[in-house]
Amino acid sequence: MIARLLAVLLFCALAASARAQTSFEELVPRLGGGFGPAAEAAQALGTQGDPRALPILRALSEGRLLRNAEGRVILDGRDAATGEAIAAEGATRINLNNRLRVVLRGAIGRLALSSPNAAERRAAADAVFRTRSAENVPLLEDALSREAIPEIRALMELALGASRLLVDDVTVQRAGIIVLSGAGTAEARSLLLEARAAKPELAVDIDAGIATIDRRLAIRRGFETAFQGISLGSVLLLAALGLAITFGVMGVINMAHGEMVMIGAYTTFMVQEALRHTAWAAWSLPLSVPAAFLVTAAVGVVLERFLIRHLYGRPLETLLLTFGIGMMLQQGVRLIFGAQNREVLSPAWMQGTLMLPGGLPVTQNRLWIILFGLAVLALTMAAIRFTRFGLEMRAVVQNRRIAATMGIRTGWVDAMTFAFGSGLAGLAGVALSQIDNVSPNLGTGYIIDSFMVVVFGGVGSLVGTLVGALTLGIVNKLLEPYAGAVLAKVAVLVGIMLFIQRRPKGLFALKGRAAE
Amino acid sequence: MTLPTITRRAALAGMAGSMALPAIHSASAQGAPIKVGVLHSLTGTMAISETALRDTVLMMVEKQNAAGGIMGRRLEAVVVDPASNWPLFAEKARELLAVHKVDVTFGCWTSVSRKSVLPVFEELNGLLFYPVQYEGEEESRNIFYTGAAPNQQAIPAVEYLMGADGGEAKRIVLLGTDYVYPRTTNRILRGFLNSKGITDADIMEEYTPFGHSDWQGIVTRVKAFAAQGKKTAIVSTINGDANVPFYRELGNQGIKAEDIPCVAFSVGEEELAGIDTKPLVGHLAAWNYFMSVDAPANREFISDWHTFIRNPRRVTNDPMEATLVGFKMWAQAVAQARSTGVDAVRTAMIGQKVAAPCGFTLEMLPNHHLTKPVMIGEIQENGQFNIVWRTPAPVPAENWSRYIPENANRRR
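As you go down the protein sequences, you meet chains D and B in turn.
Counting in the numbering used here, the first sequence runs without a single skipped number right up to 516 at its last residue.
Counting in the numbering used here, the second sequence runs without a single skipped number right up to 1412 at its last residue.
You may find that some hints are simply not true.
Computed list of lysine-lysine pairs in DSSO-like fashion (alpha-carbon distance at most 30 Å, straight line) [claimed, not checked]:
no., chain 1, residue 1, chain 2, residue 2
1, B, K1278, D, K199
2, B, K1115, D, K199
3, B, K1256, B, K1063
4, B, K1231, B, K1256
5, D, K199, B, K1170
6, B, K1196, B, K1278
7, B, K1223, B, K1170
8, B, K1170, B, K1035
9, B, K1278, B, K1230
10, B, K1230, D, K199
11, B, K1101, B, K1328
12, B, K1115, B, K1353
13, B, K1328, D, K489
14, B, K1231, D, K199
15, B, K1063, D, K489
16, D, K199, B, K1256
17, B, K1223, B, K1196
18, B, K1035, B, K1063
Since the hints were made in silico from the structure, they are not lab data.
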């Protein structure tokens, strides 16, 4: 009993006075001793700077470190502390929590600062920036003296600035403030505010720094809002393009349009599953593009030939019919695939954030969808303008009877036009599978928006659809910070209602005889 | 025992019902099957969550029948589909009680559906087991609540975030879907945070519609809110599949759990089944059960489930466990009361104990809520939760929160 008490006291004394004195061999087993002790041990290992600790801490952060019943910590079949071979049987994975992850990030960062690998040093500099402490200052100064790559130097200087803020010396702190003010990021601003709360005498310097940062951040915020607005606009554009053909050009009120989008998304899922274990797996998303177009176009042809064409000129019946078809398609998909969401993976090139020059962040998946939306729009316009099919389509829309007398098979053109519009909806499904849920209800969320875009932009005008989609996207994002997501949407709807009152034909109304 | 929510008319109707019911039951007794109503949406937006609960009830019915039923009587499930349509819930509830004359009903997920059937169950004196965590501020003699009350989920989770292991959060973002559960829960949480010295300036509260998919703006604003020099955490009451694009956006904008942890109250194993979970590792969820709980009762539950559903990859989750606990308690109460009569079962329900898959023995309290352990789990790469914190013992439910001033005096 007394021995245990003494041991506890000794441990406390050790932990309090000098962590560095606890030996490596003693610290490593503590990594498996629960979240609290593990965090302290990881901290101590990071401070000691023993290079043997780096692979062990990495393994812990990646969940590869095991612990057996005797409390020994095992890495790759060896005792991590002593290096002797040991059976991993019956050993369990050491669990992490967020507190431990934060400590590990800092400790690994400190140890990896002198790594020969540039990518590791870059990650380390970032990690040390996020887990700054006064103890890091000499370490970073040392690392900086040996660093040659300018980009990593900049990161290290930033980390040094952050850590200097915590040194109890006003001149050192001022140097830190200057570095952080120059960085101009939200994280730097946060650190400065923290330091301001701790050290009121630096308030003047810090306030000046924050003002500099705020100017940069205002520009960045404007850019972000614009990007997010364009991104939302491109999603609306994709969703509405197919409808701009079926509703805008043909005049079919297609309430099953959303379900075409949904079928496109499920096609993406099926292509992914079909290619999952083949060499083509990485290409499943690009390959889904033609697949989704063909599948939804085929569904479109079937619907048009067997059902919709019998109701041309009867908009109310068409509306009810397509609404019913939509519900049947939804339930059909639910029966085949189940009510659960299906997971469509994002390829690596669509994940994460791209930093544009000037520190302007762009999320990759959104960027690709903007480009995809513009490409689809361009191809659609080209198809209508330059191909024979486009010519026949315009002819049938402008004057069905004269087109027929010229030898155009109007029935066939109707079917192909509807298939084309449906195929475009399928393409929207491919894009939406990357940002929304692939579920049977996927389409219902977009049908209202699509009609809104087409009517607002001007029925029958593709340019109108583009301008309409982008306007709605940007206005929505401009309003969102002030009104919240729900009210912003309501405000946009009210705005459109008022606009349609003034201009019933939308932004780009068709003029002349063709409009009649 | 006085029950404050019961209006005089409902109480009278209940009495009339209880007088009428024994006659019905004696007519249908002697070997006639005991009817178990299932009131879960099998189509529409909620089908994603509720289908599994229907299957859980069917599994329990099958298991009970294999064990000889209750009192020698077989159980028979009556499944109806309210189709995620709130008024239809009330109609279907009436159909179950008046036409099919079910002895008990297991059903509802969203609070709005529960609120829609509550008057029907009170009028016809039915018995409803509601298996989902909810906002509290309700008590009905005809409903047994087997999910968590706010003090069994929301408040401990926020306490965890504010503690050393959770990262000592000083600023809290309350994100939710725009309906009664998130708004009430966030009102309770705001009261709680204020009582802990976190002022309104350090709380950001925002709501989105059901099925919201464009989270760019909100996540950007959360980042800006977090850059004020104090550790920030997100408390999410986002419901349904809007969670998937939300987590995707968190991942894409590079928000790691180490920087801004997010604790969710409506994200379980079933919801994670449709997401690539790699970017989410370390984000948290608070529940009273996780599939990863290591307990004999849980191993039995999971193996029963896999056998029943014939798919070893299907997951179990908290509302499924709550359904199971409710079903077992009901079966025990019927056996103890030697009757399926609503009033007899209601009396016998109080104090029922079940060794639940969460690894603890849970007890039905006189306020029609359970004692439940609180657990915090971290999302892992395989879509399961790693339990990082749990209460040492089950916590009794407080359905009337002390942080809602106008109802605080109803606490008992």
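Given the hinted pair K1223 (chain B) and K1170 (chain B), is their alpha-carbon gap at most 30 Å? Since the Cα atoms of K1223 (chain B) and K1170 (chain B) sit roughly 15 Å apart, the hinted pair holds (cutoff 30 Å).
Is K1231 (chain B) close enough to K199 (chain D), meaning Cα to Cα at most 30 Å? holds, 18 Å
Taken at face value, is the distance from the CA of K1063 (chain B) to the CA of K1035 (chain B) at most 30 Å? holds, 15 Å
Mind checking the alpha carbons of K1115 (chain B) and K199 (chain D) for me, to see if they're no more than 30 Å apart? violated, 53 Å
Given hint K1170 (chain B) paired with K199 (chain D) - CA-CA distance at most 30 Å: At roughly 19 Å apart (the allowed maximum being 30 Å), K1170 (chain B) and K199 (chain D) satisfy the hint.
Run the distance test for K1328 (chain B) versus K489 (chain D): straight-line Cα separation, threshold 30 Å. With a Cα-Cα distance of about 46 Å, the restraint between K1328 (chain B) and K489 (chain D) is violated, given a limit of 30 Å.
Would you mind confirming whether the straight-line C-alpha gap from K1196 (chain B) to K1278 (chain B) stays at or under 30 Å? Status violated; Cα separation ~34 Å.
Sort out whether K1353 (chain B) lies within 30 Å of K1115 (chain B), counting only the CA atoms. holds, 27 Å
Is K1170 (chain B) within 30 Å of K1035 (chain B), Cα to Cα? Cα-Cα ~51 Å, so violated.
Check the hint pairing K1231 (chain B) with K1256 (chain B) against an upper bound of 30 Å on the C-alpha distance. Since the Cα atoms of K1231 (chain B) and K1256 (chain B) sit roughly 13 Å apart, the hinted pair holds (cutoff 30 Å).
K1278 (chain B) paired with K1230 (chain B) [C-alpha distance capped at 30 Å]: holds, 27 Å
K1063 (chain B) paired with K489 (chain D) [C-alpha distance capped at 30 Å]: violated, 49 Å
The structure is inconsistent with the numbered hints 1, 2, 3, 6, 8, 13 and 15, although it conforms to all the rest.
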